[in-house]
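Those protein sequences? They're chains S and X, same order as listed.
In terms of my numbering, the first sequence opens at residue 1 and continues consecutively.
In terms of my numbering, the second sequence opens at residue 1 and continues consecutively.
It is worth saying that the hints were derived from the structure and are not from the lab.
Just so it is clear, CB atoms sit at the ideal spot from N, CA and C, and this is done for glycine as well.
It is possible that part of the hints are untrue.
Output of the computed footprint for chain X on chain S, the stretches with three or more beta carbons under 8 Å from beta carbons of chain X [as the list claims (entries may be wrong)]: (1) 427–441; (2) 486–497; (3) 523–532.
2 protein chains.
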Amino acid sequence: MQPDRTLALKHLRELMKRDGIDAMIVPSSDPHVSEYLPQCYRYISWLSGFTGSAGTLVITTDFAGLWTDSRYFSQAEAEFKDTEWELVPLAVQGRPEYVDWLLQRIDAERSIAFDFQVMPLLIDKEINMKCHAKGLQVKHSDILNQAWTNRPELPAEKAYCISEDLCGESIADKLSRIRSAIKQAGASYHLISSLDDIAWTFNIRGADISYNPVVLAFALIGSDEVLLFVDEEKFAEGDIRRLKASGVQLRSYSSLQMHLKGLAASSVLLIDPQRTAKGTLTNLDRSIKIVESTNPSTLFKAVKNRIELDNILTVMRNDGVALVRFFRWLEKEVPSGGITEVSAAGKLTELRAQNPNFVSNSFAPISAYGPNGALPHYRPDEENPVVLKDYGLYLVDSGGQYLDGTTDVTRVIPLGRLSNEEMVDYTLVLKAMVEGCSTIYPKGTRGYQIDAITRKPLWDQSRDYGHGTGHGVGFFLNVHEGPHVFNKSNVAIEIEPGMVTSIEPGLYRPGKYGIRIENLVLSVPYIKSEFGEFYSFETLTLAPIDTRPVIKGMLEKRHIDWINSYNKNVYTILSSLLTDEERGWLRKKTMEI
Amino acid sequence: MQPDRTLALKHLRELMKRDGIDAMIVPSSDPHVSEYLPQCYRYISWLSGFTGSAGTLVITTDFAGLWTDSRYFSQAEAEFKDTEWELVPLAVQGRPEYVDWLLQRIDAERSIAFDFQVMPLLIDKEINMKCHAKGLQVKHSDILNQAWTNRPELPAEKAYCISEDLCGESIADKLSRIRSAIKQAGASYHLISSLDDIAWTFNIRGADISYNPVVLAFALIGSDEVLLFVDEEKFAEGDIRRLKASGVQLRSYSSLQMHLKGLAASSVLLIDPQRTAKGTLTNLDRSIKIVESTNPSTLFKAVKNRIELDNILTVMRNDGVALVRFFRWLEKEVPSGGITEVSAAGKLTELRAQNPNFVSNSFAPISAYGPNGALPHYRPDEENPVVLKDYGLYLVDSGGQYLDGTTDVTRVIPLGRLSNEEMVDYTLVLKAMVEGCSTIYPKGTRGYQIDAITRKPLWDQSRDYGHGTGHGVGFFLNVHEGPHVFNKSNVAIEIEPGMVTSIEPGLYRPGKYGIRIENLVLSVPYIKSEFGEFYSFETLTLAPIDTRPVIKGMLEKRHIDWINSYNKNVYTILSSLLTDEERGWLRKKTMEI
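Same shape as in the complex, but just chain S:
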């Protein structure tokens, strides 16, 4: 264990003792219930050394543990080596299972604490309900901030407005739709804490969080006024004028609490309990009524408008060109032995960055050779970069943030000879992805149904993967965007035309290799029959799918047709953007099987 982490834990326990706290809960969250966190909210990484993006710490006098899901088991075990920290596997991703653990170990009348400022309201409710039934006290504590001596400052990156040419809808129109929803919910005000909702609503983007082009802010929308709590210095003057011209009043980021305290006692406040921190509401007048519902903007932004979709199509072409150049470079350079997971990821970023609209990667690229591919959330080791050799599989899961859209794509490249097992698994994963992408489904279908259909080819062979099949993707916004999701859980959100989702089945053989193939798809109307309305997916991603590992006999004709037609389409659309040499290379790569 690094001495400073040991000390930090020791110090925290002293503060717990001082304040009479028997157990401390530390969620991976911030006041905006973000998935990716600014440095200053990475309590978990600072305290325990775990750098994954999902998990919860629980600290008692004689225990220090992390609850996380299967995506991070290997990573947590590696990062906790030779420390006091223990990994506790979560049965269900995102559930506060540590509460049941605590209740079995902590006596009644003892106290559990966490920082209300970063605790999602929904989780807080569940903790409270369970603890209350057992007579346990739950209280706020900010001792983490006291213990963290060199805690970084809040980010203060520049922010900017994006034009309607890019995002397709004015702030005024978005506010008008949101206000209808507020009224419909019987509320007078709507508080938005989630940064992607705020970025979408106000057509603003920034760089306060890595990979997510968002701006630290809160928003309070009433029938007559719109307050945006954000540090004005982040914006250029022109942008400030633009926001004001849309009726947006700017207030300092830190003044939210003061304004909330001043809300009329008769107010009815609409908030999203999944995306609001407990601490944000603790100072509200007690007579203010709270209405809980998904943020209207979350539902609106999931359905992309025509201009966003046109821009996304352009982005996909440009992203595809970068990928073609990357794969060609890889094929040429790997045999020299000078390419590592790290340099490959760097090259891909460099190729994406040739697009003038490129802003950043949309997440930390997963550039994983051989056994490293078996860790679905692997990050290449910068200090000891792994060299790519001329055999086995290389998995690259990456994406870009562009002014005109967000990409996320995974391909697996054979670097030379493959085992039969690798080819069988590759073919099965590809078959699963084709099943997912070619699904026709009735209006009302939910993500769990697409998930099951995608997995079937793997289930048929007693194989499966531990992660979801797909996630919603923002428009030049978060690469993980709800409310819809394609996974096994019983989320009741219906898929609607205009939603963009990933389809990314995989197979992982720990110690050997990992395979995942991912496209983004757009839900579109398909047909109206006497049995109702049906939708289908239009595949957005334009990157050749390597057919060398495919065992054709394992596929049905419709899978082969899909693959051939997909690769042909990639060639047709990208060829005019490529040099002669690149085009020749791509033609070979996209030949029919």
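Given the coordinates of chain S, work out where chain X should sit on it, guided by the hints.
Just chain X now, with coordinates in the frame of chain S:
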């Protein structure tokens, strides 16, 4: 409208006016929250004429309507012809959508009433929550019983114990498992209202409700005592001794309330809010704590034990023999023109009844020719029986209650020439059923995943069906048994080995024909791979699947193999139980395609 129904509605409205009731809600339920109801609880049929088994009436001064789901639209429309009653289509089966309708039409401070004695607790909660928010008063009323002048008596059919040879587990062992669950839930008592749970727990069966071999009763299980509230006269003396020998104390059916009133104030009572009526709990001491959870027996009985399964295999053979004889009879007799939907159903019941263990049908047989097959819950018209002709499709969905198990099977028989559309639809439905029955799925899979995989072949062709794919089936108990279900809804119950479920996709062309093919399947362990545990289905039903309408070119090899292997298996298992002539007939019917 029949004059007595018009009068009944008029009378009810007078009583509503007298008691200051602005809207009356009448659910399809009884004090046991049964699906099929004793005559005396068929308020809906008595008042409105609607005879379907799911729906809710709402009556106001100027409106009388039925909320029901798509299975009953045609039936309700037919039954409401020339009456004041209106059909209101439910968007989601089982949801109290009428409350939102009422809230939009009734002013605050008005009052809504229903009979607490028959209102499921879960629905009551939802109604109350919504009405409370709007300031509406919700109250109990038994004016239905006052208005129903010739209301039938409570059923008083004979009941009996079944031996462990049949059901495989003693009352004592079942009680011991239930008591562990009560303790686990932190409760001191468990009240069971649902009749199938009581029948399972006490190894008793009866005939108080058509098709469901249950006995009107309540049960109260504590750590030291077990009270069964049932009319003792229903049982033979030997059975009473047997129950008492297992520690069961008998109390009269009507004395439940008195006992509940006498429960110690410190008691913690475990009840299932889905299967307990509001009225059952209204007299409880207010300090008694209620713990809500699915009845432990519901979870236990869904997983069949080895002896039950062995008996079910026997039942399936005998049921299969009856079906073979029926199909052969049908083929021979239809050309004569003397067979009707009614006489065919009667013949099938007669053939089933040749088995000495036969008790009754497990539901009203659906014997439907041509366009009538398009009504998923069709009941043949006894007064004007439809004659089967030598063309088109005949659908028969039927099942038996035997001492050694419950069956439910649907087959569609071509009676002569078919249209291409009929053959295409038949082939698609069969393909869907084969997909469902041959699914391999990981531990943790829920019904909605099986449902999606089953529907896929239909979705591929922009077709779908409005009902679920399958339901749990009891062991000589209710033909619809939870907690698991295969449908589109997000029910989070995991499928476990030992569960018996139907798989019954369909396609319906109103005015033309309906197709549904149904087998019962048993969930069994399949394999443990490095990706986890996988389960599969073992098909239980043994009835030949007619292959004449199959368009082979629409199927993949695995579907054809499955059908051939299934029919071969039917022949192999049934042939020794048939006469030479029957065997010869079955051999032809089960020839490979």
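Taking the hints in turn, this is what the structure says about them:
1. Three residues within the 8 Å Cβ limit are the bar, and the stretch 427–441 of chain S against chain X gives 3, so the coverage statement holds.
2. Using a Cβ-Cβ cut-off of 8 Å, 4 residues of the stretch 486–497 of chain S lie near chain X, which meets the minimum of three, so the contact claim holds.
3. Check result for the stretch 523–532 of chain S against chain X: holds, 6 residues qualifying (beta carbon to beta carbon below 8 Å, three or more required).
The structure shown violates none of the earlier numbered hints.
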